[in-house]
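Engineer: Sequence:
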Amino acid sequence: MHIAVFCGSSLPRNKEIIEAAAALGRRIAQEGHTLVYGGSNLGLMGVVSGAALEEGGRVVGVIPNLFSDDIIHSQRVTELVRVSTMAERKEYLIAHSDAFVALPGGIGTLDEVAEVMVANQLQIVDGKRVLDGSYQPKPMILLNIDGYFDPFLAQIQRAHDEGLMRTTAGLIAAATVDEVLCHIC
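Numbering-wise (our numbering), the sequence shown opens with residue 113 and increments by one.
Source of the hints: derived by calculation from the structure; they are not laboratory data. A few of these clues could be false.
To be verified - Pair by pair, the computed Cβ-Cβ distance ranges are:
{"id": "1", "residue 1": "D262", "residue 2": "K127", "range": "16 to 24 angstroms"}
{"id": "2", "residue 1": "G275", "residue 2": "T190", "range": "38 to 46 angstroms"}
{"id": "3", "residue 1": "T279", "residue 2": "E167", "range": "29 to 37 angstroms"}
These figures come from a predicted structure and were not determined experimentally. Just so you know, even glycine gets a beta-carbon here, dropped at the ideal spot from N, CA and C.
With the hints as extra help, turn the sequences into a complete structure.
Structural biologist: Right, here's the structure in full:
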């Protein structure tokens, strides 16, 4: 299974989040899955990918050409996919992954989560709508360390309660890495 992990290129102050990122990378590799992520070796991206690589896992980094060649070629990955734009990176991650996990992150992470939710709500696979009733949403799991995603989850629930969202679009909150993997496998 290809599991996309959305996270930032910065390190948070909360060490529990860093530990969870490392544990997630290790477990993805130990379970024989492929980690697909944004391609950086900085911040949480570097933690999750580094942990997966240390366990002998397959790691696919997807990085936009807008970064310098020095940065692009410094990435430790099994496979490096170069794309033209940040939008193409999201498209690649969504098209080439079976499940998604978001670690606590900033606006880029929330953007990626929202993009998956939109694709799930509109029943889009590989850029096309599935209208024959066979669509199964891809899991979008928030690793909700220390309640980080609680305000976001409350906003999604409010939108649903107000009738502004028909579905929660495959969104799942998990408190631990073990719980994340239970939802995926």
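Engineer: So, for every hint listed, does it hold in this structure?
Structural biologist: Outcome of the hint check:
Roughly 19 angstroms separates the CB atoms of D262 and K127, a value that falls within the hinted 16 to 24 angstroms. Checking the proposed 38 to 46 angstroms range against G275 and T190 shows it holds: the Cβ atoms sit about 45 angstroms from each other. Take T279 and E167: their Cβ atoms lie about 35 angstroms apart, and the range 29 to 37 angstroms holds.
This entry satisfies every hint, going by the numbered hints stated previously.
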